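Taken in order, these protein sequences are the chains called P and B.
Numbering-wise (the numbering used here), the first sequence opens with residue 886 and increments by one.
Numbering-wise (the numbering used here), the second sequence opens with residue 886 and increments by one.
These are computed hints drawn from the structure, not numbers from a lab.
A portion of the hints provided could be inaccurate.
The list makes no distinction among identical chains, and a pair is therefore deemed to hold if it is satisfied within one copy or across any two copies.
Unchecked claim - Dumping the calculated DMTMM-like pairs for lysine to aspartate or glutamate here, alpha-carbon to alpha-carbon at most 25 Å:
hint: 1; residue 1: 1091; residue 2: 920
hint: 2; residue 1: 1091; residue 2: 1056
hint: 3; residue 1: 991; residue 2: 920
hint: 4; residue 1: 987; residue 2: 1078
hint: 5; residue 1: 991; residue 2: 1075
hint: 6; residue 1: 924; residue 2: 1048
hint: 7; residue 1: 1011; residue 2: 920
hint: 8; residue 1: 987; residue 2: 1075
hint: 9; residue 1: 951; residue 2: 966
hint: 10; residue 1: 935; residue 2: 1070
If you're wondering where the values come from, they're calculated on a predicted model, not measured in any experiment.
2 protein chains.
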Amino acid sequence: MKPSKIPRVVIYRLSIYLRALNSLSADGIHTVSSESFGKLVGVKPAQIRKDLAYFGQFGIKGVGYKVQDLLEKIISILGTERAHRVALVGVGNLGRALLAYKGFEKRGFQIVAAFDPVHCGKKAGKNGPAVSHPRDLPRLVGEQKIEIGIIAVPAAGAQEVADDMVKAGIESILNFAPVRLVLPEKVSVENIDLSIGLETLSYALKTES
Amino acid sequence: MKPSKIPRVVIYRLSIYLRALNSLSADGIHTVSSESFGKLVGVKPAQIRKDLAYFGQFGIKGVGYKVQDLLEKIISILGTERAHRVALVGVGNLGRALLAYKGFEKRGFQIVAAFDPVHCGKKAGKNGPAVSHPRDLPRLVGEQKIEIGIIAVPAAGAQEVADDMVKAGIESILNFAPVRLVLPEKVSVENIDLSIGLETLSYALKTES
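Work out the full structure: start from the sequences and follow the hints.
Next comes the structure, spelled out in structure tokens:
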């Protein structure tokens, strides 16, 4: 099976496995049974086996998974063993939150440029880059070897920002604006909707009462 | 089938359908074919039919879905036709971003109280509530009839905040801290990891090159 044929949801679950493995590793745990690991990530052991089988043979019968081995393998599958260079467009509250969020750097993503017409000239956060004007996006994407763009602007401006990113050569976009972007097929887009979690909770509240 | 037996992923997809229906409705579109709708949400028409079948009969053969009807039905399934009252703990960058995020209120969630030991006394954002000290959580959860808690504190403090929320009577938690919370079974938790989207993009970058 060609890597590109692997279902997106499998890649998504690999991210979840990675998060759990990192926390096991931080706790000094070297091996984990497939049952314990399944409980930890909320996925049935058989599904975990199936997900990992796309990439090779993992886990030892009667022992489980070796934490460090599986962790390194998943990092290599996801391609985060080297840092990806990221541009952020929108340095409002959400943009500043993303700049302050330590989880990105820890997992191999470095925000090396930030853009905002209002805040340009200032520093983006304590250790962040200086904020540039969006018109400098094409130049900085080239100079800074940026591969990924994060959109943290309001819905109304998101499509224009995405178009500018694509024109500047970015083909991977993480979109926080609550809008469906229309982009060429070669561009990968991940949408994060901060309210979806709340709707799931609302449903749980309803079925309890 | 009892409502509580409905897979979580179905509820998650209902949120996505709702988002698409809202945007169709905003564009003045009254009906949508199951094929077009499938493309819009990135889910196969057969899967959409299967998801909706948990809740009744939707869609008209040869016509598709009536946008407004389906929208109202999903809102009623998710239980967001009345506003849920939400408490936010952590008014740092992420907390302020969540306060400024218009998507919550639009979808039936109102942040009526905010807590932070550092920022207490100040207003949380332009139109936000005054920030209270976390010790006032139990009292305000009762007084303000709060049902949902959002955790926007660093990983190290998240478990303690979650424990305090549960002691105060909150049974639904949206957790942004990159840590797995250990909580009683009756408590529903949704975890949002801002970096999972980036990992999916990293994988896409890798398989392209």
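Hint check results:
1. 1091 with 920: neither (31 Å within a copy, 31 Å between copies)
2. 1091 with 1056: between (41 Å within a copy, 12 Å between copies)
3. 991 with 920: neither (27 Å within a copy, 41 Å between copies)
4. 987 with 1078: both (20 Å within a copy, 12 Å between copies)
5. 991 with 1075: Answer is both: 19 Å inside a copy and 22 Å across each meet the 25 Å cutoff.
6. 924 with 1048: Answer is between; shortest inter-copy Cα gap is 21 Å, intra-copy 42 Å.
7. 1011 with 920: neither (42 Å within a copy, 48 Å between copies)
8. 987 with 1075: both (20 Å within a copy, 20 Å between copies)
9. 951 with 966: within (19 Å within a copy, 47 Å between copies)
10. 935 with 1070: neither (28 Å within a copy, 28 Å between copies)
Hint violations for this structure: numbers 1, 3, 7 and 10, all remaining hints satisfied.
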